[in-house]
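S.K.: So the sequence lines, in the order shown, correspond to chains D and S.
Using our numbering, the letters of the first sequence map in sequence onto residues 1 to 244.
Using our numbering, the letters of the second sequence map in sequence onto residues 1 to 244.
In case anyone wonders, no lab produced these hints; they're calculated from the structure.
Possibly wrong hints are sitting among the right ones.
A pair counts as met if it fits within one copy or between any two copies, since identical chains are not told apart.
Below are the DSBU-like pairs computed for lysine-lysine, each with C-alpha atoms no more than 35 Å apart in a straight line [claimed, not checked]:
| hint | residue 1 | residue 2 |
| --- | --- | --- |
| 1 | K146 | K27 |
| 2 | K3 | K167 |
| 3 | K27 | K49 |
| 4 | K4 | K230 |
| 5 | K49 | K146 |
| 6 | K230 | K75 |
| 7 | K49 | K3 |
| 8 | K3 | K146 |
| 9 | K3 | K174 |
| 10 | K146 | K230 |
| 11 | K75 | K167 |
| 12 | K174 | K4 |
| 13 | K75 | K174 |
| 14 | K27 | K167 |
| 15 | K174 | K58 |
Protein chains: 2
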Amino acid sequence: MEKKLYVVGMGPGHVDMMTGRAMEVLKSVDTIGGYTTYTDLIRDFFPDKEWISTGMRKEIERCRACFEEANKGKKVALVCSGDAGVYGMASPVEELAPEFPEVEVIVVAGITAACSGAAVLGAPLSHDFCTVSLSDLLTPWEVIEKRLQAAIHGDFCMAIYNPSSHKRHDYLQKACDIMLAAGASPDRKCGIVRNIGREGEEGIVLTLGELRDTQVDMFSTVFVGNSNTKIINGRLVTPRGYSI
Amino acid sequence: MEKKLYVVGMGPGHVDMMTGRAMEVLKSVDTIGGYTTYTDLIRDFFPDKEWISTGMRKEIERCRACFEEANKGKKVALVCSGDAGVYGMASPVEELAPEFPEVEVIVVAGITAACSGAAVLGAPLSHDFCTVSLSDLLTPWEVIEKRLQAAIHGDFCMAIYNPSSHKRHDYLQKACDIMLAAGASPDRKCGIVRNIGREGEEGIVLTLGELRDTQVDMFSTVFVGNSNTKIINGRLVTPRGYSI
Numbered sequence: 001m002e003k004k005l006y007v008v009g010m011g012p013g014h015v016d017m018m019t020g021r022a023m024e025v026l027k028s029v030d031t032i033g034g035y036t037t038y039t040d041l042i043r044d045f046f047p048d049k050e051w052i053s054t055g056m057r058k059e060i061e062r063c064r065a066c067f068e069e070a071n072k073g074k075k076v077a078l079v080c081s082g083d084a085g086v087y088g089m090a091s092p093v094e095e096l097a098p099e100f101p102e103v104e105v106i107v108v109a110g111i112t113a114a115c116s117g118a119a120v121l122g123a124p125l126s127h128d129f130c131t132v133s134l135s136d137l138l139t140p141w142e143v144i145e146k147r148l149q150a151a152i153h154g155d156f157c158m159a160i161y162n163p164s165s166h167k168r169h170d171y172l173q174k175a176c177d178i179m180l181a182a183g184a185s186p187d188r189k190c191g192i193v194r195n196i197g198r199e200g201e202e203g204i205v206l207t208l209g210e211l212r213d214t215q216v217d218m219f220s221t222v223f224v225g226n227s228n229t230k231i232i233n234g235r236l237v238t239p240r241g242y243s244i
Numbered sequence: 001m002e003k004k005l006y007v008v009g010m011g012p013g014h015v016d017m018m019t020g021r022a023m024e025v026l027k028s029v030d031t032i033g034g035y036t037t038y039t040d041l042i043r044d045f046f047p048d049k050e051w052i053s054t055g056m057r058k059e060i061e062r063c064r065a066c067f068e069e070a071n072k073g074k075k076v077a078l079v080c081s082g083d084a085g086v087y088g089m090a091s092p093v094e095e096l097a098p099e100f101p102e103v104e105v106i107v108v109a110g111i112t113a114a115c116s117g118a119a120v121l122g123a124p125l126s127h128d129f130c131t132v133s134l135s136d137l138l139t140p141w142e143v144i145e146k147r148l149q150a151a152i153h154g155d156f157c158m159a160i161y162n163p164s165s166h167k168r169h170d171y172l173q174k175a176c177d178i179m180l181a182a183g184a185s186p187d188r189k190c191g192i193v194r195n196i197g198r199e200g201e202e203g204i205v206l207t208l209g210e211l212r213d214t215q216v217d218m219f220s221t222v223f224v225g226n227s228n229t230k231i232i233n234g235r236l237v238t239p240r241g242y243s244i
């Protein structure tokens, strides 16, 4: 197909955390769409583009606007923070694709916060891990609760996305209580990373008991180790099982 | 600290799937270490480096050799396929770090197969997901079994790493049987991606029942959808929950 819509993961923020392929795609397109906060991060690097920016909670309108531009013959990229797939726009774009049969969808992966945040802390996700989003805008809280329990029962390491927002300031505390009730020790090793890959990046390590009583903001990603996770030299490390 | 050891995720294979930051680090170092298969992929792009290559099952020797070079004052990068953290070398490096107190460890994230493979198939990991490795070299099979069960109980999407090897040709079949016994439908939507980001890349979608009876090779990553995952236009798509 000649008409193309790229869904591009731009990584945590700075353009140097994009892949070469993502950069080439963005250079090659006519139009870049995305959530305003993310398009603002890269606007200066691509001065000659047309832009489709929309605010929060306008996700489907944004995807549809990008498809419509592509359908007119423009080469379009829709950018997502982190990866294009992980809590990104690849999914709604693929769901809308049957409405635009002449447009080919191409997904370009990026570094998701689980990986970029883990690198700041050390190696917390070095064994089987899962991601859980605490946002209940699109997911019933009962499903989130079930997943937190299952993650503890399976002794997975975890990356917790969307741990807080203005309306959900106590969700991380609730999540910690669920994990503790599911059998996680209050000594379980955890971490928080703020502003991954952006100005003000900072990581801290703490226990699950301490995490329960810590307020995090919406620019944070939270990490919960498995039962073997250690703090070594101030770094959060999940052993893979080698004899060291 | 002036002495530095970088642990660098090089993504799925081609250098264009590395981040700009990973590329800059590799250009800046004196010495690049890694598993021979991975260093061979990038050797031509960095002609002026010293190399520390070792074969399979020599992971700790490789990490230690990189630390020793860094301790002599060389700037060293240890490369990993995919991400540096996810089943990568960041963890053993962080475990060894206390033996080399003058060497600063810096982890540089890369695109893990969960994300790069998902992009080939569509958007299979667009809701909470987990990764499970079927390799029992370092993990007891009972732990792997427990995690597969927990992943189904929590209705996570899944990326299955190391689904097969010469000695473990029936492990994926065993894993599918565990997931089916834990309540997953044989109609659950799944996918396989081979040679992600390399020559011969190919993805197929199929059901869990079909996956059970499919032989995959060691260059494959397997995806298992959650109970809502669909096949749309031949693409594997997990809805995020938007009204489309």
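S.K.: Run every hint past the structure and note whether it holds.
M.R.: A quick look at each hint next to the structure:
For the homomeric pair K146 and K27, neither the shortest alpha-carbon distance inside one copy (43 Å) nor that between copies (46 Å) is at most 35 Å. For a Cα distance limit of 35 Å, the shortest separation of K3 from K167 qualifies neither inside one copy, at 40 Å, nor across copies, at 45 Å. When the C-alpha separation of K27 and K49 is checked against a cutoff of 35 Å, the pair qualifies both within a copy, at 9 Å, and between copies, at 30 Å. Proximity of K4 to K230 under the C-alpha cut-off of 35 Å is restricted to the inter-copy arrangement: shortest distance 22 Å between copies versus 46 Å within a copy.
In the homo-oligomer, the alpha carbons of K49 and K146 never lie at most 35 Å apart, since the shortest distance is 44 Å inside one protomer and 50 Å across protomers. Proximity of K230 and K75 under a CA criterion of 35 Å is satisfied inter-copy only: 27 Å between copies versus 48 Å inside one chain copy. When the C-alpha separation of K49 and K3 is checked against a cutoff of 35 Å, the pair qualifies only within one copy, where the shortest distance is 17 Å, while the shortest distance between copies is 42 Å. Taking CA atoms no more than 35 Å apart as the test, K3 paired with K146 passes in neither setting, with 41 Å inside one copy and 45 Å between copies.
For a Cα distance limit of 35 Å, the shortest separation of K3 from K174 qualifies neither inside one copy, at 46 Å, nor across copies, at 43 Å. In the homo-oligomer, the alpha carbons of K146 and K230 lie at most 35 Å apart both inside one protomer (26 Å) and across protomers (22 Å), since each shortest distance falls under that limit. With identical chains, the CA atoms of K75 and K167 are never at most 35 Å apart, being 38 Å at best within one copy and 47 Å at best between copies. Proximity of K174 and K4 under a CA criterion of 35 Å is satisfied in neither setting, with 43 Å inside one chain copy and 40 Å between copies.
When the C-alpha separation of K75 and K174 is checked against a cutoff of 35 Å, the pair qualifies neither within a copy, at 44 Å, nor between copies, at 45 Å. For the homomeric pair K27 and K167, neither the shortest alpha-carbon distance inside one copy (38 Å) nor that between copies (45 Å) is at most 35 Å. For the identical chains of this complex, K174 and K58 are intra-copy neighbours only, at 28 Å inside a copy versus 43 Å across copies, given an alpha-carbon limit of 35 Å.
In terms of the numbered hints stated before, the structure departs from hints 1, 2, 5, 8, 9, 11, 12, 13, 14, listed from lowest to highest.
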